[in-house]
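Student: Whole structure, please, built from the sequences with the hints as guidance.
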Amino acid sequence: MSAAEPLFRAEGLSKRYGGVIALDRADLEVHPGRIHAILGENGAGKSTLIKLMVGVVAPDEGRMMLGGREVTFSNPSAANDAGVVCIFQELSLIPDLSVADNIMISRPPTRLGLIDRQAQRRIAEEALERAGAGDIHPRALVKDLPLSRRQMVEIAKALSRRPKILILDEATSALTASDVTKVFEVLKRLRSEGLALLYISHRMHEIAELADDCSVFRNGRRISTFAAGTKTDAEVIELMIGREYKHAFPDKPVREPDGRPPALQCRKLGWGDRLRDISFSLHAREIIGLGGLDGQGQRELLLALFGVLSDISGDIFIDGDKVVIDSPVAAKSDRIGLALIPEDRKTEGLMLPMSVRDNLSAAAFDRFAQFGIIDRQQQSALIDDMIRLIEIKTASPDLPVSALSGGNQQKVVIAKWLMNKPRIILLNDPTRGIDVGTKQEIYRLLRRLADEGAAILLYSTDYDELIGCCDRVLVMYDGAIRRELAGAEITERALVSSALNVDDGEPAEASAQ
Amino acid sequence: MTEWRYWLAEQRGTLLAIGIFVAMFLIYATNHPAGFSANMVQTASNKATLLAFVAMAQAIVVITAGIDLSVGMILTLTNCLASWIVVGTATETALGVAGVLGTGLLCGMINGAIVIFGRLQPIVTTIATGAMYYGVALMLRPNPGGSVNETLADALTGRLFGVLPTSLVALAAAALLIWVPYSRSVIGRAAFATGSSEVAAYMSGAPIRAAKFAAYSLAGLLSAIGGLFLTFFSYTGEAAYASGNAYTLFSIAAVVLGGVSLMGGRGSAIGAIFGALAFRTIGDLLFVFDFDPLWQPLFQGIVLMLAVSIGAFGLLRVRNRLEWFG
Chain U
160 MSAAEPLFRA EGLSKRYGGV IALDRADLEV HPGRIHAILG ENGAGKSTLI
210 KLMVGVVAPD EGRMMLGGRE VTFSNPSAAN DAGVVCIFQE LSLIPDLSVA
260 DNIMISRPPT RLGLIDRQAQ RRIAEEALER AGAGDIHPRA LVKDLPLSRR
310 QMVEIAKALS RRPKILILDE ATSALTASDV TKVFEVLKRL RSEGLALLYI
360 SHRMHEIAEL ADDCSVFRNG RRISTFAAGT KTDAEVIELM IGREYKHAFP
410 DKPVREPDGR PPALQCRKLG WGDRLRDISF SLHAREIIGL GGLDGQGQRE
460 LLLALFGVLS DISGDIFIDG DKVVIDSPVA AKSDRIGLAL IPEDRKTEGL
510 MLPMSVRDNL SAAAFDRFAQ FGIIDRQQQS ALIDDMIRLI EIKTASPDLP
560 VSALSGGNQQ KVVIAKWLMN KPRIILLNDP TRGIDVGTKQ EIYRLLRRLA
610 DEGAAILLYS TDYDELIGCC DRVLVMYDGA IRRELAGAEI TERALVSSAL
660 NVDDGEPAEA SAQ
Chain R
102 MTEWRYWLAE QRGTLLAIGI FVAMFLIYAT NHPAGFSANM VQTASNKATL
152 LAFVAMAQAI VVITAGIDLS VGMILTLTNC LASWIVVGTA TETALGVAGV
202 LGTGLLCGMI NGAIVIFGRL QPIVTTIATG AMYYGVALML RPNPGGSVNE
252 TLADALTGRL FGVLPTSLVA LAAAALLIWV PYSRSVIGRA AFATGSSEVA
302 AYMSGAPIRA AKFAAYSLAG LLSAIGGLFL TFFSYTGEAA YASGNAYTLF
352 SIAAVVLGGV SLMGGRGSAI GAIFGALAFR TIGDLLFVFD FDPLWQPLFQ
402 GIVLMLAVSI GAFGLLRVRN RLEWFG
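Chains as they are written, first to last, in the working numbering: chain U, 160 to 672; chain R, 102 to 427.
To be clear, the hints were calculated from the coordinates, so they are not data collected in a lab. A quick note: this is a predicted structure, and the numbers were derived from the prediction, not measured. Ideal Cβ positions, reconstructed from N, Cα and C, are used throughout, including at glycine. Errors might be hidden in some of the hints.
Computed, partial: chain U to chain R, Cβ under 8 Å [what the hints assert, rightly or not]:
1. S233
2. P235
3. F247
4. L252
5. P254
6. D255
7. I274
8. Q277
9. D294
10. R298
11. A299
If you anchor each label on the Cβ, the simulated ranges turn out as follows [claimed, not checked]:
12. V123(R) x G531(U): 45 to 53 Å
13. E111(R) x T650(U): 45 to 53 Å
14. G272(U) x R113(R): 24 to 32 Å
15. K552(U) x G236(R): 49 to 57 Å
16. R281(U) x L363(R): 28 to 36 Å
17. Q277(U) x I228(R): 42 to 50 Å
Tutor: Okay, structure coming up:
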């Protein structure tokens, strides 16, 4: 740790929500010119700590010192003015406004009381450049940008406020690999400029690359602070979950070829120039990963299989029979038996204000409806079974989904589709922004579903997940399958190099049949 | 080139409204028995101006993802008030005009305050306040009557330099002096932000409450300008319930025609003005083609439906069906 005076110090911060203690006499020191990683499961108190630091909520006890003086922030703008800026996990961008408008939303340059658009644009371009996203046009509307570019705009917006302490809360979870590289360069440059950075991420290799100091939180308290690199991943995870850390990933059973046709087979699937010549087979009891940089067509492939895209060329076979899937209704029919677990659980996967019960029922009404009338008893029975099966932590199935934690929300999304007893399960980055414990439960669930006969296609932006979870990995690049990796071939090196469309010296060639 | 495209994307709704209006007006003008004349333009513009003011008012509120169902009643109330106080000497008349505009502004402020501090749904709030405003109008003018300073009325409904309809100039002035500064101010942008995503606007520290308050207040003011012009055209005040309601409903139609998104966050009052002009031209079109006026509501409905469908044509070309819901 640096010996110099800390830029920011929290002392004995506590925060209670009703009977729940979110933060319990936590302390923390943040030094200028260093990147400080905060680790902990969801519910460990990280989010609460940040909310206190940026004035979203006020502490019950304790104090915060900034530059040696005690500070209190009554709202986010007060914290921003003092130089504490947070890039929240939940995007705070306004979809119908332009990138420049968004970057300068809270304090635009004005002339004669009106917004000075030229000056605003200049500042926005500068901020985008500083964030390493100079390719984003300042006049583009935010809603027209893909998720990863929006996140870059969010970072530019934070930088335009000239922070002294920059907090990144899962800020890279939506980014593509190349953006992550750029953002890391930016963060390292900001560190050298003397900024203090607080970095919250569930991705261990990111923390290993970036952090100077690490602090682990558990049950609302800071458990330990240590210099980065002095503990192994297993030791860190042990600190986080407070129990011994054995296998993050369940074992992969060896699947004997059974001579049956593949559950799902694609032949020369294409969609404009976004998907090209996609051919692969997915068998029952198999988990295939979709890898590659974000935005290389993985999402489109899943949507194409699920009948969301129109004008698809090529053929799809289910159990050896050629089928046409022209809508999600067709995709989830008994004959095809597909389920798609979407990426953006907040908008595509869940109806947040509705109850767990209603959400679980939404895709499976015909399972317990007679002539269009819902059979309540049968519905309750099925739902109780499902909540038990995948261990959703909710006090009652009648609670709104919005009241659950992120991890449990994601479990509801998965459970919702399992209600339909699908045979082929497509997953779109299901563990994004989820804590380690829930991730492991999801991995175990996926493996169990596969063992029980499901065929699983898993798109993930997390390399560890592809390595640990998948029997085979298809790495996509520019809308096509660049390479297929199986078994021991699935290494981080192979994944990264084929994702970047470069050879890594190994002789393997794209061999998707 | 790309700059130009971004501009086009921003202005698409407004340009479409202008296009629809120009096309309809050309058909109207070329088929008019008297031909294209300053007189004809003046009559057409006087008829359309009232709706245009109310449509501007509606657009400003709709952009915040709200709706104001009291605009027609504010117009009626200010019309009744103007028939009492916009009379007499120049000074008295000026004070009267100020009183009328102030009343409209006050009505809008009441709407805004209830929506913001009472946290009531705009649709319910403005139905209730609209009924109240109508009630006051009825107190002022239980029977049609009253008068207005006719010199001022004739000046503002006549022609400038013999060609330009004054009402149109007033409309342009209102757009230039109210809409343009508003849309480029911090408050105005916060209004767009609020309409687009209120949560994100809050997290970004945008002045949400001020923006909504400004929107409803300006809507009241613009409706009052409409009420004032109604008095100038009719020389009297009348608490006409059906006509007030029609203005409210037509203002929503004009806003939609004008490319303002009812979901909020997108559109412009300029678009709404042209939406209003286009909507009014429908009736004139039927007139020049010798249709029975009974056909007018039916045709207005059809044109509105068609215009809204143009915006939906893009959806037919959508290759990712999820964009239907975007």
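Student: Is it true that the C-beta distance of E111(R) to T650(U) lies inside 45 to 53 Å, as the hint says?
Tutor: holds (48 Å)
Student: Hold the hint about R298(U) up to the distance rule: shortest CB distance to chain R must be less than 8 Å.
Tutor: Holds - the Cβ of R298(U) comes within 8 Å of chain R, reaching about 4 Å at its closest.
Student: Quick one, is the P235(U) hint okay against chain R at 8 Å, beta carbons?
Tutor: holds (6 Å)
Student: Holds or violated: the hint that S233(U) contacts chain R, with Cβ atoms closer than 8 Å.
Tutor: violated (12 Å)
Student: Take a look at whether the Cβ-Cβ distance between R281(U) and L363(R) falls inside 28 to 36 Å.
Tutor: holds (35 Å)
Student: With respect to the beta-carbon atoms only, verify the hint that Q277(U) and I228(R) lie 42 to 50 Å apart.
Tutor: holds (43 Å)
Student: Between V123(R) and G531(U), does the C-beta distance stay in 45 to 53 Å?
Tutor: holds (50 Å)
Student: Can L252(U) be said to touch chain R, with a Cβ gap under 8 Å?
Tutor: Holds: closest Cβ of chain R sits about 6 Å from L252(U), inside 8 Å.
Student: Would the hint on P254(U) stand, with a C-beta cut-off of 8 Å toward chain R?
Tutor: holds (5 Å)
Student: Given the hint of 49 to 57 Å, check if K552(U) and G236(R) actually sit that far apart at their C-beta atoms.
Tutor: With a Cβ separation near 54 Å, K552(U) and G236(R) satisfy 49 to 57 Å, so the hint holds.
Student: The hint names I274(U) as touching chain R; please verify it with the least Cβ-Cβ distance against 8 Å.
Tutor: It holds, given that the least Cβ distance between I274(U) and chain R is near 5 Å, below 8 Å.
Student: Given Q277(U) as an interface hint, is the shortest Cβ-Cβ distance to chain R below 8 Å?
Tutor: Because about 12 Å separates Q277(U) from the closest Cβ in chain R, which is outside the 8 Å limit, the hint is violated.
Of the hints listed earlier, those the structure fails to meet are numbers 1, 8 and 9, in rising order.
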